[in-house]
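Fit chain B to the given chain A structure using the hints.
2 protein chains.
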Amino acid sequence: MNSELSSLKVQDIGEQGLLQRLQRFCSSEIIGDDAAVLVTEPEQSLVVTTDVLVDGVHFSNVTTSPEDAGWRAVAANLSDLAAMGASPLGITVGLGLPGEMRVSWVERLYQGMTECLQKYNTPIVGGDIVRSPVTTLAITAFGQVHPSQIIRRSAAQVGDAIVVTGVHGASRAGLELLLHPEFGQNLNNADKTALIHAHQRPHPRLDVLPLLWKILNSSSFLITGMDSSDGLADAVIQICRASGVGAILERSQISLPTAFEHWLTKEQALEYALYGGEDFELVLCLPQEPAYDLVQQLGQSAAIVGRITSESTVMLHDEKEKFPDQVLNLSQGFQHFNH
Amino acid sequence: MNSELSSLKVQDIGEQGLLQRLQRFCSSEIIGDDAAVLVTEPEQSLVVTTDVLVDGVHFSNVTTSPEDAGWRAVAANLSDLAAMGASPLGITVGLGLPGEMRVSWVERLYQGMTECLQKYNTPIVGGDIVRSPVTTLAITAFGQVHPSQIIRRSAAQVGDAIVVTGVHGASRAGLELLLHPEFGQNLNNADKTALIHAHQRPHPRLDVLPLLWKILNSSSFLITGMDSSDGLADAVIQICRASGVGAILERSQISLPTAFEHWLTKEQALEYALYGGEDFELVLCLPQEPAYDLVQQLGQSAAIVGRITSESTVMLHDEKEKFPDQVLNLSQGFQHFNH
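So the protein lines, in turn, are chains A and B. Using this note's numbering, the first residue of the first sequence is number 678, and each one after it goes up by one. Using this note's numbering, the first residue of the second sequence is number 678, and each one after it goes up by one.
Isolated chain A (complex conformation) (with noise of 0.2 Å):
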């Protein structure tokens, strides 16, 4: 890019101007109409979410690049869709710009934004583009699902398996290591290059779906659960909240990056996994015999990582009794979040 283009302000061309020139990154049947049209499956139910991020409060300059910005502002609504079962349809993209912003910034989140999206064949289907003090990033994602296939959070069942999809505390690594490069000092490169990534490209695990069809085709429960967006815990703790039970999670079943074995203590560790969040996996509630399956097909690092009971607590429990039985809250969960 040469540096006339590089230096092109947003006030420099204007709203028109900057929403002709991120026309490439949008899906080509929607623009020139008051909205787009979508075509829906039949017997599907529509699903929709909806997320505001804001420069300095959700994302800032100092740890995301804008493509890793818009990809990741894409994949938290990817995942949202996911942990509901639904397929992506589309999103729409509002964005709020300073007149001083540059255009090369707003085509690099477009960027990002893409790059995630084409993975899952997602097209941006409509957009606003408005003058503001503050970047602004509001992204609203749509998608289908079969009625009988809606994964919620309120019906897991005494006896269920909790299942993850992946490892949980990477993202949080990742983050710590952009905040505080010192911190890797002990980490090899690879390791601190895989967790830094896995913080600025979190994949949505729309991938896990066909293989909960699968599953749902031949049998008669529902699948409960969430993304871990929020951590772990507050996963596990929101689910027993709507489906008014307990559970217990089996400390060392939980899946942590291998690099964090020689680097951090196992209680920050388990901090990381529990109350990091922004791992973006699954959080599923079935029955035993089906959730095994589930985890040998899923491979990788998936894990049944506890059972749901019938108390009212979520338990973080240690069978090999090194550490004594710990009750997990949403307080706790939320302090460890922001701090």
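No lab work stands behind these hints: they were computed from the structure. Not one of these hints is a red herring.
Chain B side only, calculated, beta carbon under 7 Å to chain A, not exhaustive: (1) V716; (2) S722; (3) T726.
From the derived model, a few chain A residues whose C-beta atoms are all more than 10 Å from chain B: (4) S684; (5) G694; (6) F702; (7) W782; (8) N798; (9) P858; (10) K869; (11) T870; (12) R928; (13) E948; (14) N1006.
By construction, the Cβ of each residue, glycine as well, lies at the ideal position given by its N, Cα and C atoms.
Same frame as chain A, but now just chain B:
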């Protein structure tokens, strides 16, 4: 409301506390999952539109109460659905708020949004509330339309009549009266109130759709159109551009608020009508005979204001030949709109 309640700030209760207080405005089915689930009718296409509004840019406490800001934001989005021929299914609300914002302001905003939504049986099905240095409102509305009833901009045919569903210029006049009260000294109070109300509480013309469906049921043409949110001139020009046609508008046929008659010069009145914007009427192109029927059924201030031509221009014509023909163009429209 007592003073303790009215001085409560967002930072006193946090985003979670605020979300809880706002749940009474939202659809009860949607609370507590990662995303909302909505049932759409089979054979209907999904229509999606999104708007971002920023404090100080798109609304201000000078001319707009929080209730009116909420109403107007919803009305603009529902009008985009109406402009596509779509019936609303729901909206999501993304809200960025400074910590020192009063909780009562936010509740009044939601009050105004739901007042408008209730008129059209449309629920708030999801949302996100985040901290932001500037109050920002991002609304995404989605609706459904049968594919044969989609209203696009690009299908206008030479000879089509151009129909407006109501008066133009009222919203802009209302805004001027709010900004410069002395401007209304020759107006009676009822007219003043009505014009201000037109600005503060515009009505999306979803009521027009059943009439259009009846017309389309017994015929084989498409209805072309959009809403007049950016002014009547802009709507006609956009339609002509998208359809590759021209238009001739008849000065005397453009419906104006009766209050304009003894208050504004003919030129001023026409400028408000053509370039004022935010009247949120529909501008529709269809063959002469059904156009005439439609205007009869709509009554009030609906009118045929011109026709589609094979020229490449949009011409303003005066049948009394007092004014010369005048070519309307977008840059003129935008100049007027922005000044």
